[in-house]
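Since the structure of chain A is provided, determine the placement of chains B and C on it from the hints.
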Amino acid sequence: MIYHDLVIIGGGPAGLAAAVSAKDNGIDDILVIERDKEPGGILNQCIHNGFGLHTFGEELTGPEYAARFIDQVLSRGITCKKNTMAVDFSVEENRKVVTAMNREDGVFQISAGAVILAMGCRERPRGALNIPGFRPAGIYSAGTAQRLVNIEGLMPGREVVILGSGDIGLIMARRMTLEGAKVKVVAELMPYSGGLKRNIVQCLDDFNIPLKLSHTVIDIEGKKRVEAVTIAQVDENGRPVPGTEERYTCDTLLLSCGLIPENELSRSAGIHINSITSGPVVSDALETSADGVFACGNVLHVHDLVDYVSQEAAAAGKNAARFLRKNKTRHQEQIELVAENGVRYTVPSFLRPAEMDDTVTVRFRVDGVYRNHTITVCYDGRPAARRKRPVMAPGEMEQVILRREELALCPDLKRIAIRIEKA
Amino acid sequence: MYDIAIIGAGVVGSAIARELSRYQASVCVFDREEDVCCGTSKANSAIIHAGFDAAPGSLKAELNVRGNAMMDTLSAELDIPFRRNGSLVICTKGQDTDALFQLLEKGEKNNVPGLRIIEREELIALEPHISDDAACALYAPTGGIVCPFEMTQAFAENACVNGVSFFLNTAVTSILKQPDGYLIETVHTDTNLPETFPARVVINAAGVHADHFHNMVSENKIKITARKGEYFLLDKTAKDHVSHTIFQLPSRMGKGVLVTPTIHGNLLIGPTATDTDDKEAVNTTLDGLDTLRRMAPLSVKNLPMRQVITSFAGLRAHESGDDFIIGEAEDADGFFDAAGIESPGLTSAPAIGQKIAELVHKKLSLAEKKDFQPARKGILRPDTLSADERSRLILAHPEYGSIVCRCEMISEGEIMDAIRRPLGARSLDGIKRRTRAGMGRCQSGFCSPRTMEILAREVPMSVFDITKSGVGGAVLKGVAKEL
Amino acid sequence: MSETYKKELTCIGCPLGCPVTVTLQDASGHCEIISVTGNTCPKGDAYARKEVTNPTRIVTTTVRVTDGAAPMVNVKTASDIPKEKISDCIAALRGVTVAAPVKIGDTILNNVAETGVAIIAAGNVTALPQEMR
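Protein chains in written order, with my numbering: chain A, 1 to 423; chain B, 1 to 483; chain C, 1 to 133.
The shape of chain A in the complex, shown without the other chains (with noise of 0.2 Å):
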């Protein structure tokens, strides 16, 4: 069996973050591992630009983002394995063993002194949704039509109807518009979007595509290709209202209605899901249920943008550099952190003291539409930290930073409780 000190599993912003932190954190052995035939994961089909103002201050495109993290990791003699396939993952007494296959090695193990979840997420399918009717050609997955238009250049469909408002369905009403597409109308389930106001104004608003809040597909017609998708409004509990009812002629219908975490690897070795984000429970460190298995990017709960990916990913690969060369014992002392009041979850759920760092990112998103709003931090059910926010949604992520130096001061604090309140 092969060792590498550290075993990075997925080459897409999670895992190149990761990579280039652990090295520069004074890691040697290094292996990514990547399942598609380049680096930079989603990265690559995602071609409209708009990646990077945070990490470098200008706008990118997706390729142009990814090719700066794959120019760190090349510049650091850092391997990437390639057109490879991780298909299991154990972790016994510590002994952390990846199996992986692809085309010259056959099936292989690697054992490793740490690894880094980093596989990012999936689409949600039609399935998933409960869409009722035909189930022809002309049904995608907003990500797959961009692959097809995007990597590909090849079109899914001429006239498209789009379901669901996050960011990549907006974006692709936009590509499939410019690429000569007619594209007739967003329906979006929820009564906002989740996309950002910025794609709603130049992806629909731009090219006068309507939007329909609070609506839903409710029939898909077409034998063989699609001919017709219905449409109507939705009540409070997402129950189509009779008499509401729009049809469309249209040969395609685009899905965008969410990411799930693709945690299939995580769960085989055993390692605690959270039951709201899919993704591994995390400590302060990224650290998982797992000791030394350390989870960052959209596997451990779906990000909005790209450039928090990295910080998070860069803190996962530190975190694992430092595990590498302490081989510590974990402290048992815990802080709990608790979502409460509009807040759905909290990324990390527990805080660890005596090792944490300086600072401690505390991601999470809220549950609705919040307008003046703060969000609390309460310590133990005293609140010790509010901060306004004017306007806070669902398809953003939201964020705390909690300091060492302040929490030394409560030293018996067993609970960090993140609520919503009115401001």
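Source of the hints: derived by calculation from the structure; they are not laboratory data.
Among the clues, some could well be false.
Straight-line Cα separation of at most 27 Å, DSSO-like style, residue types lysine-lysine; simulated pairs [said to hold, decoys possible]:
#1 B:K481 x A:K184
#2 A:K182 x C:K83
#3 B:K109 x B:K255
#4 C:K85 x B:K481
#5 B:K236 x B:K221
#6 A:K212 x C:K6
Per label pair, the in silico range of CB-to-CB distance [what the hints assert, rightly or not]:
#7 A:D71 x C:P71: 19 to 25 Å
#8 B:A76 x A:K326: 28 to 34 Å
#9 C:P71 x B:E389: 33 to 39 Å
Backbone N, C-alpha and C define an ideal beta-carbon position, used for all residues, glycine too.
Then chains B and C, alone, in the frame of chain A:
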């Protein structure tokens, strides 16, 4: 001139074709779809029924029990994924236990082996997620689950290897009586070119359309009603929710819906039962899916409905007499029906194949083939190999080292096999039904562009001609920036 | 006396997405902004003025690559171009192909649609080895 022409390449037509390929006769099969297994055979409960449900003395009862008993041998001979997981009919508190005992009695009359009534305590031990209202159950150890796609493909491939000609994308438009048999007029669904085929004997295995063909040649009209059944398929993470096939006790409210593991480890819930005039209406409906959500919890609790990965609908060929119609039409010499094949049709298919073959053999006095090849090998599944064996396979055939479908972990090698084998896949759905690529939790979002590349290369064909499921279903609409 | 008219916009400066109303007046051949209302911060005012008088966009798309490891390469306008030129810009790229290798920053097309702005590569595509072409 063909000795025998079969209309329909579903599981029944394919099973008949395979049985007839044992004889020295020229046999052909027509299907309007681009692949075998495209009608009722692809959208059903995938159950090998024990046989307690059909009326004693009926063809359904006889062929169900006989078909069930054939499955072990067939599964080995034709490499069909099959397992006897046992089935349970649940009687809930307040339901009439007499009805359960009547079912037991019927089953015993039908010669179903091993039937017994079990009480709640044993039931809970067998199925921890059984409804809190479940009082007792009929247990049938011979009930099983099968892959209906591979069962059909196995029959068809084996028939093909033994000399049967398959004409796919070929719709039969009329059947004309001739002095020495029939003239079958067809049209190619893609090119629209007509072609006629003379045959001495015609076998009607046309599923929901069997009445249409029967009534072309016979004055004894039959009527087949399409009875829609809708289903939910759940992720493999839900596979351990039940281990047996859980039926509800039929009542005035209908036959109820079943909850069952599938042979590949998913969980299946369904079907509904709604008669429809449209024999092409394989669409799911808001009402149908709601009905499933309401009915399924009557027998099984805590169903993880968030794990639904797809829903689908199939049409059962319900005949007004409520039994299979098997045999030569009285007023149409040489025209044999295998009609009204609704549940337990999948289970009965092997026995129907035998029965029809016996009848045709008698009719035409056919001699047996000496070189009949009874065995068929399925697509090599690398995940059944040890790591070492798999590495050796990849060394010899690197295509088995590239994973194309990440959800089901299907390699390029398996997809190439699906395309290259007899009656190989020519569409995305054809590949899906043969390899499971695209059948997992992402429902082909990840693998379809890669699968298209492999299809285009292997067939070979233009990527623009690749369909999801045949003529009219092209995946692509052109290239970017083209007006 | 010239007429005033209003334009409704959504500010993209932050998630707040203020609905901003710009009132304009037609003054002999050009538009004059009378007022900007609805914004909650100065960013909204600046955005609205620019969006009404001179809206611009970065355009990103792809062009076909010959003999490359990938069939398409990501390209973009080197800087933002007038919004009404977006479709001309795409039209100008119809049929454009570029030979591999392509590197980020390579000029694909100069002065696209008479905007004075170049189309540059925004992705890398390596050349296929000779025997694989």
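Hints and how they fare:
{"no.": "1", "hint": "B:K481 x A:K184", "verdict": "18 Å, holds"}
{"no.": "2", "hint": "A:K182 x C:K83", "verdict": "19 Å, holds"}
{"no.": "3", "hint": "B:K109 x B:K255", "verdict": "21 Å, holds"}
{"no.": "4", "hint": "C:K85 x B:K481", "verdict": "16 Å, holds"}
{"no.": "5", "hint": "B:K236 x B:K221", "verdict": "45 Å, violated"}
{"no.": "6", "hint": "A:K212 x C:K6", "verdict": "24 Å, holds"}
{"no.": "7", "hint": "A:D71 x C:P71: 19 to 25 Å", "verdict": "23 Å, holds"}
{"no.": "8", "hint": "B:A76 x A:K326: 28 to 34 Å", "verdict": "57 Å, violated"}
{"no.": "9", "hint": "C:P71 x B:E389: 33 to 39 Å", "verdict": "36 Å, holds"}
Violation of the numbered hints given earlier is confined to hints 5 and 8; the remaining hints are satisfied by the structure.
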